[in-house]
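Q: Read off the chains here:
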Amino acid sequence: MVIRRKEFLQLGSLATASLFVPKFLKAMEQPGWVPPGNKIVVILQLSGGNDGLNTVIPVRNDIYYKSRPVLGIARDKALSLTDEASLHPALTHFKSLYDQGQLAVLNNVGYPNPDRSHFRSMDIWHTASRSDQYWQSGWLGRYLDAQCCGTDALTKAIELDDVLSLSMKGDQLKGMAFQDPRRLYGTANEQFFRSLNAGPAPEHAEAPVDYLYKTLAETLSSADHIFKQSRLRPSRSTYPNTELGRSFQTIASLAFSDIQTKVYYVSLGSFDTHVRQQPQQERLFKEMNDAVQAFTDDLKKQGRFNDLLLFTFSEFGRRVNQNASGGTDHGTANNMFLISGGLKRAGLLNELPDLTDLNEGDLKHNIDFQRVYATVLRKWLQVDDRAILKGDYTPLDFI
Amino acid sequence: MSNARNNLHLLWRAGFGPAVEQLNELDRYNPRQYWSALVKASEKPPTPIEVANNAIDGLVMGVQTFAELSKRELDPDQRKELQQRNRNGIRDLNSIWMSKMVNSSAQLREKMAFFWHGHFACRNLNVLYQQQLLNIIRQHALGNFGTMLKAVSRSAAMLNFLNNQQNRKDHPNENFAREVMELFTIGRGNYSESDVKEAARAFTGWTANFQGEFVFRRFQHDFGSKTVLGRSGNFEGEEVLNILLEEKKTAVYITTKLYRFLVNEIPDATHIQWLSDRFYKNGYEIGPLLEDIFTSDWFYENKHIGTRIKSPIELLAGIRRLLPMQIDDATGQLLLQRGLGQVLFYPPNVAGWPGGKTWIDSSSLMLRMRVPRLLLGEDEWNIGGKTDDDVQMGMMQRLQNRLEAKVDWMPLLSSFKKVPLEKLPAQLSDLLLQTQRAQTIALLKSYVVAADRDASIRQLTAHILSTPEYQLC
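Line order of the protein sequences matches chains A and B.
Numbering of the first sequence is given in our numbering, commencing with residue 13 and proceeding in unit increments.
Numbering of the second sequence is given in our numbering, commencing with residue 11 and proceeding in unit increments.
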């Protein structure tokens, strides 16, 4: 019997996973088997305010070393990118992505009148508002509002966490949060929930009770769908046995499936290193480096690295001067990593921070973070960024 | 409409739902009588909540250390300990206030304090300041809005949160003045940027000392003339607040917000007009405004009953009023609040919790529906704070949380002692659910345990509390 690929794929997504997994696995062994084309965005949130100056290090800058007599990372210890800039020693894989033209660094990203409170600044990054605006929906949620209709919104934006971030909540639609597809499936298969959901789902959800039942119906069916998809062509690569490693493996499995998720969201922290920064940041960077390495290698092996755009952000950077506790305090502008097999521009995209021109000891930003969002929305996801960001931001040229 | 249903509506909106002891007497009185009883029970001034064992010494000592903290003189361990002390203090404040919501007969006062807690939303990691602010809003919750506004505006918690200590004659900081206008009084669109700048000048020099007492720093105050909303004079902060209260838009803004909290998410222009006219004429007295709402005929219209999505705090308090329980694990409760999306004293920003449908996403709905079984120890869940910064409120990762509380079923079991088994599903649903679906009632029948009344009541209650309908009041 010959089954053309197109039909085979369709059948695969409809049929139960257990029936078809072996065949798919066999097919999976050949690289490039999964049809490329579904571009995905993976957002890695570095919670707590990552110290950008010890991430991308200005190794020729005396002010940096004077400001950080203890915390400063020596030039010969850091991983050299250019004559002036080096990476934190734990970011070995980021260095090799850089060498292959698959990593870009955007410096001095922030927003005017920066707020140094964790939750407020995170709020601003999540909603994409200005610092004097209080918005109640997130930018990725509004992407769902603008793009999706009906019940598949939940699987279009997925967060690997137990609680859904504000960034994923739109005015109408919301993404879905879970840590582990199997556990999600288990919860959703609680018999009482299934029985409650047995009746026809309400078509219009104007009455609050209908809205709740509609959400329940969508949650239960998405939980099934996600679980089955996660087992369709699961990633067989080895990932580090860390929370982030497991999350990235789940993302890979879903990216190889037919689920057509566009946005994945995952967090790592805490980078709030007021005290004894060095070991804390190193530990987190190692976790990040190893997980990202497993993930990008996996996607490369499957011929999907060109479809990936992964970027990191943190709610703020940290003060230029180290403090008296072997740490750094809350700061302002920061750098972002952008990783993809399909970068148009790689390497250092702009100049390193100017340490001679500070605002009360903090870095000044010269790239509004909303421009990164605009770039991702317009050029990668190909949607109208202006409506989603409620403003006109000039896109950048890295993709 | 039966008295019982109307009374339940009142008890959910003017308080945190019926207490189990009230279930059998709901038919005996009409809503007016219940309303009078609620008012009477909240009449006397509240006892302040104080979390430190040795309140004055403990806190002032903490505060002095705080003074050093701001000078960065603490070593890392001291600093960490101080932060931990404050976080634990705020956690205790949270659980004590929660237990007031559950157990106090002053339901109306605690419910309104909860409303003002969201209105005057404030994040501050100093437990003393948070405690002072909480006691201000509990004290004025049913009193005069203007008086409360002035007390909140002079509180250390709010002045610090909105950066007014940096608001000085030479370097004005507009944050405080802006939020007072945008969120606390007249609302966006009713003032200009110039009004904000001028009002900010009037608030220069408003600060607080480390004991949390208001201090007016004359040398930082701008004594010059200001023009705010068309009035000019050498205003000080108090006068700007008076100008804002003179604006009728403030009455409309507060009334609208309250109507959406107490009656319906969708504002009704006619009712709000009538209410705000009277609120303004009464000089912002909150008591009469509540009386106007809860004694009106329209409050009991069908379209308002069972249509409000409970906030997580209302959900948890409501369950605990029905099922008295002993909770030893305060941190577990905090994690539960976090998972559900509302932690007291940690509003998402100065605009407070947006409420309504924003409470619901797929994960929060699933967790809401699991709450009863988590509290009954029949389910586990491994939500946890991940990190130790203030975003995560210092909660360490806790795997396999068991939240089990010691539930006292006796009051509920005895309330339904005389109800025939086959009538239990309908009767329990009538008392526990403000909106009902025939399918759910039919489904519940399968949870009746033959010849075992107590087991049936337990099973039915646990399942009723796990329905989507129970999320509404």
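If you're looking for bench data, these hints aren't it; they were derived computationally from the structure.
Just so we're clear, the structure is a prediction, and the values are computed from it rather than from any experiment.
Errors might be hidden in some of the hints.
As the list claims (entries may be wrong) - Distance condition first, Cα-Cα at most 25 Å in a straight line; then the derived BS3-like pairs of lysine-lysine:
| # | chain 1 | residue 1 | chain 2 | residue 2 |
| --- | --- | --- | --- | --- |
| 1 | A | 168 | B | 367 |
| 2 | B | 313 | A | 226 |
| 3 | A | 51 | A | 312 |
| 4 | B | 367 | A | 402 |
| 5 | B | 455 | B | 428 |
| 6 | A | 51 | A | 240 |
| 7 | A | 78 | A | 51 |
| 8 | B | 367 | B | 313 |
| 9 | A | 168 | A | 78 |
| 10 | B | 160 | B | 54 |
| 11 | A | 89 | A | 78 |
| 12 | B | 433 | B | 455 |
| 13 | B | 367 | A | 226 |
| 14 | A | 168 | A | 376 |
| 15 | B | 160 | A | 226 |
Stated by the list, open to error - With beta-carbon atoms standing in for the labels, derived distance ranges:
| # | chain 1 | residue 1 | chain 2 | residue 2 | range |
| --- | --- | --- | --- | --- | --- |
| 16 | B | 252 | A | 368 | 46 to 52 Å |
| 17 | B | 464 | A | 144 | 40 to 46 Å |
| 18 | B | 419 | A | 219 | 31 to 37 Å |
Where is the CB? At the ideal position from N, CA and C, for every residue including glycine.
Q: Let me make sure I understand: some of the numbered hints might not hold for this structure. Which ones are they, in numerical order?
A: 7, 9, 14, 15 and 17
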